[in-house]
Amino acid sequence: MNAIEESLPIFAKQIDNARRQSEEAILALSTRFRGIVTSLDAAVAASEKGSGDGGRDLVGAMEDGKRQLLKVVEALEAVRSGRAALIEEIRLLAAHTRELGDMAQEVELIAFKTNMLSLNAAIEAAHADGDVGRGFAVVAQEVRQLSVESRETGKTIGRKISVISDALRHIVGVNEQAVAAEDAAVKDSEMRIASVLGHFGGMTERLLHSAENFRNESEVIKDAVMDSMVQLQFQDRVGQILSHVVGSLGDLAATAGASDDSGATEAGGGGASDYMAKLVRTYTTDEQRRIHDGTAAVAVAPQAAEFF
Amino acid sequence: MPTPERLPAAASAADDDQHQYLTFLLGGETFALGILGIREILEYEPPTDIPMMPAFIRGIVNLRGAVVPVIDLSARFGRGSSAVTKKTCIVIVETTWHDAVQVLGVVVDSVNEVLEIPHSEIEAPPSFGGSVRTDFIEGMGKIRDRFVIVLKLDNVLSIEEMENLTGATRLQ
Amino acid sequence: MAKRILIVDDSASVRQVAGMALTRAGYEVVEAVDGEDGVSKLTGKLHLIISDVNMPRLDGIGFLKAVKANSSYKFTPVIMLTTEAGEDKKNEGRAAGAKAWIIKPFQPQTLIDAVAKLVLA
Chain D
1 MNAIEESLPI
11 FAKQIDNARR
21 QSEEAILALS
31 TRFRGIVTSL
41 DAAVAASEKG
51 SGDGGRDLVG
61 AMEDGKRQLL
71 KVVEALEAVR
81 SGRAALIEEI
91 RLLAAHTREL
101 GDMAQEVELI
111 AFKTNMLSLN
121 AAIEAAHADG
131 DVGRGFAVVA
141 QEVRQLSVES
151 RETGKTIGRK
161 ISVISDALRH
171 IVGVNEQAVA
181 AEDAAVKDSE
191 MRIASVLGHF
201 GGMTERLLHS
211 AENFRNESEV
221 IKDAVMDSMV
231 QLQFQDRVGQ
241 ILSHVVGSLG
251 DLAATAGASD
261 DSGATEAGGG
271 GASDYMAKLV
281 RTYTTDEQRR
291 IHDGTAAVAV
301 APQAAEFF
Chain U
1 MPTPERLPAA
11 ASAADDDQHQ
21 YLTFLLGGET
31 FALGILGIRE
41 ILEYEPPTDI
51 PMMPAFIRGI
61 VNLRGAVVPV
71 IDLSARFGRG
81 SSAVTKKTCI
91 VIVETTWHDA
101 VQVLGVVVDS
111 VNEVLEIPHS
121 EIEAPPSFGG
131 SVRTDFIEGM
141 GKIRDRFVIV
151 LKLDNVLSIE
161 EMENLTGATR
171 LQ
Chain F
1 MAKRILIVDD
11 SASVRQVAGM
21 ALTRAGYEVV
31 EAVDGEDGVS
41 KLTGKLHLII
51 SDVNMPRLDG
61 IGFLKAVKAN
71 SSYKFTPVIM
81 LTTEAGEDKK
91 NEGRAAGAKA
101 WIIKPFQPQT
111 LIDAVAKLVL
121 A
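Residue numbers (my numbering), protein chains in the order written: chain D, 1 to 308; chain U, 1 to 172; chain F, 1 to 121.
For the record, the hints were derived by calculation from the structure and aren't laboratory data. A couple of the hints might just be wrong.
Said to hold, decoys possible - Calculated pairs, BS3-like style, for lysine-lysine (alpha carbon to alpha carbon, straight line, at most 27 Å):
#1 F/Lys68 to F/Lys89
#2 D/Lys278 to F/Lys90
#3 F/Lys90 to D/Lys222
#4 F/Lys89 to D/Lys222
#5 U/Lys142 to D/Lys278
#6 D/Lys155 to U/Lys86
#7 U/Lys87 to D/Lys113
#8 D/Lys160 to U/Lys87
#9 D/Lys278 to F/Lys89
#10 D/Lys155 to U/Lys87
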């Protein structure tokens, strides 16, 4: 009896110790799991921001960017077509100038004919008599003067027109080169922009896709973790059962001690069955009763709630 | 053919017309013709060719119904023909031919102006050298420090040439 | 403003699992470690109470009765969460005014569904 008396409290202490350690370990594990789930929740929320509604923001931002880039292209196009229009204007001006050139040549021709006229008039004057002849001579002189002046004017106009034409040709040439260069530059820009937008679009797709994947995988992980945490609830039952065993060991020690005092005969039979009956009454779980009865332990599965 | 050794005398000092000359360009040289011998100046029109005529006779033109032979002075002077430009003119001149009046057209490269050359400004032609047959030179006229050849076109055609020409033009 | 739920259980693991499920479902969670602690935490607006049955000091039935006796909280729904499968204890709970009885181990979703069904508006 002494050995039991002595050892039972020790057993009780050791079991209690095991219970407490297990409780602490499981609490730690449970806390860690809770941390994982919280982190996953935060990560998914952040990912939602990057995709989902935020993703729509991203797509919106991309559309914005695209619009702005296209505006740049439009502006470049406008400059280009503005230049093209300018060149057209200059060409028209050049054509007009050519007309003026033709007119200047006509002026020269007229001057030539006028000169002829004046010479013929002079000839007539020479052949005519007295006053008539002198009159003619004056007219002839005036006309000759006119023809000389016209010719000079024609020449001057011709020269000026030449200068203008050359300048215009030069401008057109320069502008055409610029337009060609700009054309190439604009086309290059358009290509680059399209390429960038293409990449961007692809990236957004992949981002949305991977965000979705991430969400799905996170859900899977969370479910697995939550499952584990549910399993950890067993600690509660185990804890209860172990506490109960510790208590029972204490009672047993007391009973063993009492039967020791009261004598072997009395303690033996009545003490044991009293104790066992009392023991049954203290059970709180199904498994305890089953084990007591000797029936197989049944794994406890989560059950539905019952409403009153 | 008479070869003038002296300058022609002025009919009257008050008659200014005798001092007026038409200047023109021919083969790069400036010539002058007395205005009294000139009828009019025409813009160039291609003369109708007369076959079997010497090269210096370009052909004939119709001047208000009259048939006028056109000669190339440059060729007559032995220089070859000038190219026709938009300034090329035909000067219609009155010449004497053996006391008869002959109207001719003369092709010139361009006409310049009518101006006065006083008698005092006309010098005797050089007796040798020069590019033009002295037959046709009346003298050298001084205009503004330059000299121009004053032409006299009387008898610029020979009798034979004239007979051939007359015969040919009659047939036209 | 999130709805406030008091959870009373001596097992830290259970408080963890239930607390996390409730927080993720959008509720504000207050924890107590036994019946007496639970009574002390009866302050402010509570939309629902969840309680274990087997607890030291004051057990679940005792706590339930204390809640029903409190004029501020007698209409607050109480869900009992317990290892107890026995009919006797269940009847005790029903009689004392519990609204639902959930056996441990429980699936968090079972708890959340019951809470959603019973929580005060």
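Hint check results:
1. F/Lys68 to F/Lys89: Roughly 17 Å separates the two Cα atoms, so the pair holds.
2. D/Lys278 to F/Lys90: This hinted pair holds, its Cα atoms lying about 21 Å apart.
3. F/Lys90 to D/Lys222: violated, 33 Å
4. F/Lys89 to D/Lys222: violated, 34 Å
5. U/Lys142 to D/Lys278: Roughly 167 Å separates the two Cα atoms, so the pair is violated.
6. D/Lys155 to U/Lys86: Holds - the C-alpha atoms of U/Lys86 and D/Lys155 are around 16 Å apart, at most 27 Å.
7. U/Lys87 to D/Lys113: holds, 10 Å
8. D/Lys160 to U/Lys87: Distance ~23 Å between D/Lys160 and U/Lys87 Cα, so the pair holds.
9. D/Lys278 to F/Lys89: Roughly 18 Å between the alpha carbons, so the hint for D/Lys278 and F/Lys89 holds.
10. D/Lys155 to U/Lys87: Status holds; Cα separation ~15 Å.
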